[in-house]
Each structure stands twice: as C-alpha cells, then as structure tokens.
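Protein chains: 2
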Amino acid sequence: MWQNNFLILLTLLLINQVCSDYLSTRNEILRAEKSMAVGGSITLTNKEKEANEILLRVKQKELQGVQEDIAKFPPARHFFVMKKDVEKSKLFSILQKLPKGGSLHTHLTASVSLDYVFTSIVSRENLHGCVINGRLKVKFFEKGKTNNLCKWEPIKDLRKKQATSDAWIKSQISLIHEGNPSNAYNSAHNVWNTFINTFATVYDMLAYKPVFQDYLYQALQEFYEDKVFYVEFRVNFPELYELNGTVYGYSEFLQTFSDVVQRFKREHPGFIGAKMIYAPNRALNATQLEQALSTYTTLQKSHPNVLAGFDLVGCEEIGTPLFNFYQQFNKAQNNINFFFHAGETNWYGFDVDKNLIDAVLLGSKRIGHGYALLKHPKVLEMVKQKDIAIELSPISNQVLMLVDDSRNHPATGLIAQGFPIVVCNDDPGFWGAKGLSYDWYMVYMGMASKDAGLEFLKQLALNSLKYSSLPENEKNQAIRDWNVSWEKFIDDLIKDKAKYQ
Amino acid sequence: MWQNNFLILLTLLLINQVCSDYLSTRNEILRAEKSMAVGGSITLTNKEKEANEILLRVKQKELQGVQEDIAKFPPARHFFVMKKDVEKSKLFSILQKLPKGGSLHTHLTASVSLDYVFTSIVSRENLHGCVINGRLKVKFFEKGKTNNLCKWEPIKDLRKKQATSDAWIKSQISLIHEGNPSNAYNSAHNVWNTFINTFATVYDMLAYKPVFQDYLYQALQEFYEDKVFYVEFRVNFPELYELNGTVYGYSEFLQTFSDVVQRFKREHPGFIGAKMIYAPNRALNATQLEQALSTYTTLQKSHPNVLAGFDLVGCEEIGTPLFNFYQQFNKAQNNINFFFHAGETNWYGFDVDKNLIDAVLLGSKRIGHGYALLKHPKVLEMVKQKDIAIELSPISNQVLMLVDDSRNHPATGLIAQGFPIVVCNDDPGFWGAKGLSYDWYMVYMGMASKDAGLEFLKQLALNSLKYSSLPENEKNQAIRDWNVSWEKFIDDLIKDKAKYQ
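Protein chains in written order, with our numbering: chain A, 1 to 501; chain B, 1 to 501.
Hint data in this document are derived by calculation from the structure and do not stem from the laboratory.
A hint or two may mislead.
If several chains are the same, the list does not tell them apart, and a pair holds so long as it fits within one copy or across any two.
Stated by the list, open to error - Simulated pairs of lysine to aspartate or glutamate, DMTMM-like, Cα-Cα distance not exceeding 25 angstroms: (1) Lys59 <-> Glu317; (2) Lys34 <-> Glu317; (3) Lys331 <-> Asp21; (4) Lys61 <-> Asp351; (5) Lys137 <-> Asp166; (6) Lys378 <-> Glu472; (7) Lys160 <-> Glu62; (8) Lys475 <-> Glu225; (9) Lys378 <-> Asp204; (10) Lys72 <-> Asp404; (11) Lys170 <-> Glu153; (12) Lys475 <-> Asp496; (13) Lys49 <-> Asp351; (14) Lys72 <-> Glu317; (15) Lys450 <-> Asp351; (16) Lys137 <-> Glu225; (17) Lys466 <-> Asp387; (18) Lys386 <-> Glu28.
Let the sequences and hints guide you as you build the complete structure.
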C-alpha cells in the first residue's frame with residue numbers, strides 16, 4: 001500500500017518537474033523575444049511602471065473583441081475610413097500627449113494638414129486657378145491672365161462652379177477622394193500618378209513667399225501641438241516668388257526657411273529646430289545629378305545649420321536606381337550626409353529593392369522606408385552593424401498601396417528584431433493626417449506586439465533624436481530636454497489615471 | 001606638361017580602383033544574398049545551367065512590363081480572378097511538368113478539384129440534399145426521408161430550382177462565389193465561417209464509402225498528373241457509411257485509405273505513396289484531447305505505414321491555443337510525431353501567434369503555415385537550429401484573407417534567409433485549384449527573387465521529400481527516383497527549347 005502511494009507521489013513530482021521545466025523554457029523564450037524587440041533594452045523606473053499599467057490597460061481595452069470583429073481594429077483598415085475611429089480612441093489621446101521627439105522624414109510641401117491649406121491658403125486673395133487636362137493648376141498673381149494653355153480665374157470663382165467645387169479642389173491638393181478609397185485608386189501605379197500630380201498642383205501655390213512662410217510656420221505649429229519638437233524636411237527647393245513676379249534663388253529660400261524656423265523657436269519654448277535634406281527628383285541624368293550635388297555642397301557651406309543632407313525623391317519603382325549614380329555618390333560620400341529613400345517597394349530582385357544595397361554602400365545615415373529590407377538579409381546585417389536607422393511611415397505605405405493591413409507590414413519583423421526604427425509621417429497633409437500621432441498609433445497598435453508597453457514608445461521617441469542630424473552637443477541637450485517633458489507626461493498620465501479606467 | 005598628364009592618369013587610375021572596389025563589394029553582397037536564399041547551396045550541372053537559361057528567359061519575358069501594369073502580374077491579384085491568366089502562362093506549363101516531389105500539407109476532404117467533385121460526385125445516384133439555415137446539407141441514402149429539421153430531396157431535383165442552382169451548389173461545396181471575391185468576403189472571420197461550413201457540407205457526401213474511395217483515388221490522380229508523387233494528408237477521420245446505413249469505425253477507414261493508396265501505387269508506376277496526419281478539430285477539451293491522442297497511439301501501432309503524426313485543425317485565431325494542452329502534448333512528444341498548424345495569423349503577441357513557441361517546444365517536426373514566424377525571432381532561431389520545415393500554402397493564405405498580394409507574404413523573408421520551405425496546397429478543391437503547380441507558381445513568381453532560377457525550384461522539390469515522414473531508406477529511394485524524373489525534365493526542357501523562345 002505505501003509503495004503504491006509512493007509511486008503515485010513520485011509520478012506527480014516528475015510531472016510537476018517536467019511541467020515547470022516546460023513553463024520556464026517557454027517564459028525564457030517570451031522574455032528573450034521581448035528583450036530583442038524595439039524597447040527591449042529599456043528598464044522602466046517605478047513611476048514608469050505605474051504609468052505603463054495605465055497605458056496597457058487602455059490598450060487591452062481597445063483590443064477587446066478585435067479578433068472576432070476586425071472592423072473594431074483601425075490599423076487593419078484604410079486610413080481614409082478609420083481615421084475618425086482613431087480620433088475617438090483614448091490610446092490615441094495618450095499618444096498625442098506623449099513627447100515624441102522628432103520627425104525625420106517629412107516632405108515639406110505635403111506636411112501641413114489639408115484643413116489648414118484649404119481654409120487658410122486656398123481662400124486667399126490673388127490665388128488663381130485653371131484646369132488643364134483635368135488637373136487643377138493654382139498660382140498667386142495680381143490680375144487674371146490668360147494664356148494659350150489655361151484660362152486662369154480667381155479661385156473663388158472656380159469654387160462656385162459644380163465641376164470645380166470645394167470637394168474637387170480638395171481632391172487636387174490631396175489624395176482624398178470622396179467615397180471608398182479602394183475605388184479611387186486601383187493600383188500603386190495609379191495612386192502614385194495622382195500623388196505626383198498633387199505635388200505639382202501645390203508647388204506653385206506654396207512657392208508664393210508669404211504663403212510659404214505661413215505654411216512652414218504652420219507645419220512647425222502642427223508638429224509642436226502634437227509634441228514633436230524637431231523636424232527634418234525633405235525638400236526639393238522651390239523658387240519662391242512675389243505677387244509682382246519677382247522670383248528668388250535658392251539662397252533666398254534657405255534664408256526664408258531659416259528665418260521662419262528661428263522665429264518659431266523664439267515663440268515656442270522647448271522647440272528644438274528644423275533642418276532640410278535637399279531632395280531633388282530622381283528623374284535626372286548624371287550631369288544634372290553632379291550639378292545638384294555641387295549646388296548642395298556650396299549651399300551647405302553657407303547654411304550648415306539648415307542643410308542636413310541629400311536624398312533623391314519621386315517614385316522609386318519606376319525612377320532611376322541609385323546604382324546608376326554610384327560613382328558620383330561614392331565620390332561625395334565623405335563630404336555629404338546621404339539619407340536615401342531605398343526599397344520603398346514590394347518587388348524582390350528588381351533594381352528598386354537593390355537600391356537598399358547601394359544606400360548602405362554609399363553610407364546612407366538613415367534609410368527612407370526600407371520596406372523591402374526583409375528580402376535582403378545581408379543588407380540587414382550591415383544596417384545592424386552600421387546602426388542605420390529605418391524611417392518608417394506606415395500610413396504612407398498604406399495610402400500608396402504597398403500594404404493594406406498594418407499587421408502585414410514587414411517592419412513588424414524589424415520591430416521584433418529590435419532594428420532602430422524611427423516613426424515618420426512622410427506626407428501627412430496629402431491624406432488628411434496631422435502631426436505624427438496617427439503614424440505612432442498605427443505602429444503601436446498594428447505593428448508591435450500586444451505586450452509592447454511604454455518601453456516601446458520611449459525607445460521610438462529616443463530613436464528619433466538619437467538618429468537625427470543634430471550635432472552631438474545639441475543632441476545631448478535635446479535628449480535632456482526630452483527627458484523633462486517625458487517625466488511630465490508620466491506624471492500627468494498617473495495623475496489622470498481615473499480618466500483611463 | 002608631363003606632370004599634368006601624370007596627375008590626370010593617376011586620378012583616373014584611382015577612380016577606376018574606387019569604382020572596381022565598389023562594384024566588387026556590391027557583387028559580393030548580391031552573391032552572399034543569393035547563396036543565403038532557398039536554393040543557394042545548390043550548384044547546377046552544366047545541363048541544368050542550360051535548362052536554367054531557358055527557364056529564366058521565360059520568366060523574364062513574363063515579368064516584362066509588370067512594374068508598369070500590375071494587372072499583368074498574377075501573384076499580386078486574387079487567385080479567383082487571376083487563375084485563368086496563370087493557366088495561359090508558359091512558365092506555369094513548365095512548373096506543371098516539373099517533378100515537384102511531395103505535398104506535405106493537404107486536407108484530404110478539400111483536396112480534389114471542384115470540377116471533379118461537381119461532375120462526378122454531386123451528379124451521382126442516391127445523393128440527397130436539403131437546405132437548412134441557408135446552407136446545403138448532402139448525404140447518400142436510398143430513399144428520400146424527411147425529418148423535422150430538413151426536407152431531403154434528390155440532388156437532381158434541387159439543381160432544377162433557381163434558389164439551389166448549380167452555381168449555388170458549387171458555392172456550398174467550395175469558397176467560389178460568382179463575381180468579385182472581395183465582395184463575397186469582407187473579413188478573414190467571414191471567409192473562415194464559410195470555410196468551416198464548406199467542410200461540414202462535403203463531409204457527409206465524402207464519407208459514403210464508394211465515394212470516398214473514388215475521391216481519394218482522384219486526389220492521388222490529380223497530384224500524380226501534376227508530377228507530385230507523394231502526399232501527406234491532414235485528416236479528421238470520417239465515419240464511412242454505406243447506403244443501407246452501415247457506419248464503419250476508424251479501423252475500417254484506415255484500411256480503406258490504405259487499400260486505395262496501394263491500388264493507386266500498383267496502377268501508377270513511380271508513385272511513392274500517401275500517409276495521414278490525424279488532425280481532429282482544436283475545439284476539444286483536455287479529456288477529449290487525451291482520448292484523441294490515445295486513439296492515435298493505438299491506431300498508429302496497427303497502421304504504422306499509414307499514420308505519420310498528429311495535428312489539430314480549425315481556425316487557429318479563435319480556437320484553443322496549443323499551450324492549453326502543453327502537458328498532454330509534452331507527455332506524448334517522445335511517442336508521437338507532431339505536425340502542428342501554428343501562427344496562421346497576422347496578429348502579434350496574441351495566443352494564436354504564441355502557438356509557434358509551443359509548436360517548437362513540443363517538438364513539432366514541421367510547422368503548418370507559420371505565417372507569423374517573422375514576429376518571433378527566437379522561435380526562428382530554434383526553427384533553424386532544429387531544422388524544422390515550414391509548410392507554406394500561399395493561395396490558402398490569400399483566399400483565407402491573411403494577405404492579398406503575394407509579394408507581401410512574410411515567407412518572402414524566410415525564403416531570402418534560406419529557411420526550409422515546403423510548398424503545399426492546403427485545400428485546393430475549395431478554391432478551384434488542382435495539384436500543386438498553382439502554389440509553386442505563386443511562390444516562384446511572387447515570393448522569390450526575380451533572379452531565382454532552377455536551383456530554387458530544385459531545392460523546393462528536394463525539401464518536400466527531405467522533410468517528409470518517409471522512413472530513411474524509403475526517403476533515400478524516393479530522392480533517387482526523383483532524380484531520374486528531374487533528369488528527364490531537364491532533358492525535355494532543353495529539347496523543347498524552341499517552344500520557349
């Protein structure tokens with residue numbers, strides 16, 4: 001009898017041992033994966049832990065029922081249709097308050113909210129418009145004029161006509177069409193065409209010097225209100241003009257940019273600043289590129305605090321590959337900081353994703369998009385070894401039809417492996433976004449683990465300063481200042497605890 | 001003067017050196033990535049190189065213009081709408097002729113083409129149908145009978161009615177709806193509901209013993225014609241029945257399966273065989289699971305050549321996680337080969353993707369789908385170290401709405417890193433496919449590098465035998481036999497060169 005009891009006891013002990021071994025190995029894997037992911041090396045303070053509990057509670061609440069009903073989960077749906085749901089989210093309101101550091105990949109002429117552009121720029125005196133080949137052209141000048149191609153009219157007259165109503169004008173200065181977005185664009189190629197046309201439409205409107213000053217100021221304002229205190233703009237230098245027809249050169253443009261930024265800093269304590277990455281269109285030949293590099297070098301010497309680097313823009317899939325210019329870039333890489341767009345594509349083995357190889361070999365400090373990185377494991381090794389940040393713009397990738405559901409975004413794999421991600425907004429004004437919080441929401445809710453907490457968000461914010469072009473001393477100061485804002489954010493979150501029950 | 005010339009010469013030499021350094025580093029990266037990817041360790045023979053040139057020429061030709069017009073690129077579109085384009089492809093016709101080895105993940109009751117099922121089974125004498133809650137039920141029996149729930153009618157009478165026309169019946173025994181597939185299903189949840197209902201509908205029809213025998217034979221036939229000579233079926237054992245109401249137990253089912261496979265082998269030289277992985281639905285409790293494991297163990301002893309292992313099926317996202325049963329599985333893992341479905345999801349940090357951790361810890365020999373693997377880098381390390389194959393079913397993942405464009409499938413990253421991929425077809429009959437070539441096409445054209453050639457395809461075929469459940473000696477023989485078919489395929493491709501110009 002006692003032998004039987006002993007055997008039963010032994011068996012139970014053995015089962016217990018096997019189970020606890022299994023559980024501890026499993027927990028070890030979960031722990032290891034958490035520590036490998038973005039934010040995994042951050043240890044939260046006690047106060048941060050308290051705030052983290054509040055954050056995770058809000059997050060888990062918003063994730064309730066999403067597996068059964070995907071319509072409850074905004075990151076899986078198109079930004080155009082889910083934006084209003086995001087705005088109702090408590091988690092989004094926390095992200096809006098969170099000091100996010102900087103935005104390192106924003107195209108200047110698509111950076112301001114559509115609301116502001118339509119309400120405060122389109123409505124201005126002296127703006128004229130005409131329609132050519134079904135597209136709107138707009139420009140400021142004093143009196144109506146007609147040329148062979150286009151019949152200019154005051155914009156306020158156009159807005160009264162049914163064919164050129166306000167809704168239509170909005171569709172010309174953004175990608176927003178009424179109705180279902182999937183009916184508006186049937187392919188990446190198609191949406192890119194409209195995208196390029198949109199840049200062309202707004203160009204002449206924004207290059208009017210007084211408008212440009214207001215537009216840039218507003219861009220900074222929208223970032224500032226969204227708790228983004230530093231910006232690096234991609235800019236294909238516009239030729240600013242006056243009503244009387246005066247056209248300015250690049251130098252005047254740089255001075256204007258610098259003046260607005262300085263004024264904004266004076267009027268907004270805590271704001272760190274803004275720089276530009278000169279980014280002409282990639283549709284150029286070798287001679288034009290050499291000219292652009294030379295222009296950049298000259299201007300960078302005279303405006304070292306304004307110009308942070310060089311890039312090429314435009315549709316990468318059909319544009320000139322970086323490889324075509326490797327000799328020019330290679331020669332310049334010791335003197336110019338490159339921040340190349342590379343691998344903004346879902347093709348594999350084509351020139352466009354091979355841009356990733358050249359970007360890394362040409363010493364690119366960061367990579368714009370890098371959507372195809374997971375298809376290039378050798379490049380990924382180099383990215384890790386050289387500590388190159390990846391500029392992730394999730395809403396852009398969705399609107400420009402690389403991916404429809406954020407959960408399928410390849411950066412989910414990069415996040416899991418702890419690559420240095422910086423969240424950017426690319427062209428928020430063109431898709432009805434504003435600031436950086438919408439993109440942060442997509443990344444945090446749709447692309448990070450359900451278990452990711454405050455350590456993940458803290459890492460994103462720190463990355464955006466660490467991988468910025470600020471000189472070392474300014475960067476350190478910026479991180480110290482950010483820490484003060486962060487502490488306050490944590491305190492407020494704890495103080496507002498009741499609001500988030 | 002000569003000094004100037006000397007300087008120019010020196011500069012040119014230096015530039016030349018820098019350029020050639022750049023190019024050789026770049027080529028080294030391209031070479032390294034090619035050798036890391038699936039197929040990268042294979043060295044082609046001279047004859048294979050000749051065939052590879054033909055293959056790549058056909059491939060490049062079919063890729064012409066796809067970047068400008070995605071409608072020309074089937075893997076980026078839904079299988080329902082692009083299938084007919086694939087069938088016109090020369091590359092597809094090569095893949096059909098290529099000896100593909102085995103299919104290691106096919107659900108038996110969804111394995112046969114819709115055409116055959118509709119033409120040769122639905123039309124049979126004694127099949128009766130009724131409609132309940134808008135769904136078709138079908139069963140074989142001798143005379144019409146009525147019960148409280150359902151009014152049974154001969155299927156040929158139902159087919160004459162508008163509400164239960166042939167098109168509607170097809171929509172009940174497959175996922176194919178007329179018109180645009182994106183209108184038919186608006187979420188993964190929605191398509192999974194129909195998917196589960198479809199299994200329920202066909203179950204009673206296929207469990208009629210004479211039909212089951214024909215169905216299984218036809219499944220093998222369709223694989224054989226598609227140059228697939230070995231199959232492992234996931235099966236939730238049906239209770240076979242006769243017209244007179246006799247119902248058989250599992251043992252009779254196993255014997256019937258074995259008899260059909262043996263007969264098929266005798267009648268089809270070169271065919272290796274078929275096995276089953278017992279896969280009950282994951283909606284069970286611990287007691288039921290223990291019962292299922294015990295049933296499997298008993299049956300496996302009496303049918304060691306028929307039963308290869310154990311798995312659980314059903315929608316993983318809403319089903320019981322493997323972790324709930326880790327004690328039972330852990331106890332059994334030394335005696336039972338597991339082939340778990342795991343991570344068939346785009347969620348991250350949920351129970352469903354954590355199934356990947358348990359699958360690996362429980363010694364799963366292969367992983368079904370593993371769609372979420374890139375989000376689990378620690379699991380990936382273990383998958384590599386333990387050499388666990390990943391059963392990739394690209395069309396299934398598209399139809400069941402994990403991903404719409406194959407180029408975004410996360411297995412692209414696994415392919416780039418050379419993970420052991422086996423291409424499978426999951427449930428071809430439910431989406432109008434047949435055999436394995438459609439899935440191979442999706443993988444080769446949509447998920448591998450543009451530069452991937454014959455070495456990639458050869459690796460896929462070899463993987464499907466290497467990671468099969470064949471005993472070592474049979475596996476070696478199977479690979480030797482496959483080599484003979486492969487040589488013939490290479491010879492034929494070279495002989496038919498003119499056809500592929």
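Copy assignment of Lys72 with Asp404, given that the CA separation must stay at most 25 angstroms
Classified as both; 16 angstroms inside a copy, 20 angstroms across copies.
How do Lys137 and Glu225 come out at 25 angstroms by Cα distance, when the copy is not named: within, between, both, or neither?
Neither way: Lys137 and Glu225 sit 31 angstroms apart in one copy and 60 angstroms across, limit 25 angstroms.
Within, between, both or neither, where Lys475 and Asp496 count as close if Cα-Cα is 25 angstroms or less:
neither (31 angstroms within a copy, 65 angstroms between copies)
Checking an output row: Lys466 and Asp387, CA cutoff 25 angstroms. Within, between, both or neither?
within (11 angstroms within a copy, 38 angstroms between copies)
At most 25 angstroms between alpha carbons: which applies to Lys331 and Asp21, within, between, both or neither?
Close across copies (12 angstroms), not inside one copy (57 angstroms); limit 25 angstroms.
Between copies, within a copy, both or neither: which fits Lys450 and Asp351 at Cα up to 25 angstroms?
Between copies, since 10 angstroms is at most 25 angstroms while 36 angstroms is not.
What label fits Lys386 with Glu28 when the C-alpha limit is 25 angstroms: within, between, both, or neither?
between (29 angstroms within a copy, 18 angstroms between copies)
Taking 25 angstroms as the upper bound on the Cα-Cα distance, should Lys72 and Glu317 be classified as within, between, both, or neither?
between (34 angstroms within a copy, 16 angstroms between copies)
Are the CA atoms of Lys59 and Glu317 at most 25 angstroms apart within a copy, between copies, both, or neither?
between (37 angstroms within a copy, 19 angstroms between copies)
At most 25 angstroms between CA atoms: does that hold for Lys61 and Asp351 within a copy, between copies, both, or neither?
Intra 44 angstroms, inter 16 angstroms, cutoff 25 angstroms: inter-copy only.
Lys34 and Glu317: within-copy, between-copy, both or neither at 25 angstroms Cα:
Between copies, since 22 angstroms is at most 25 angstroms while 35 angstroms is not.
I want to check one pair: Lys378 and Asp204. Are their C-alpha atoms no more than 25 angstroms apart within a copy, between two copies, both, or neither?
Classified as neither: same-chain Cα gap 43 angstroms, cross-chain 52 angstroms, threshold 25 angstroms.
This entry does not satisfy hints 6, 7, 9, 12 and 16, going by the numbered hints stated previously.
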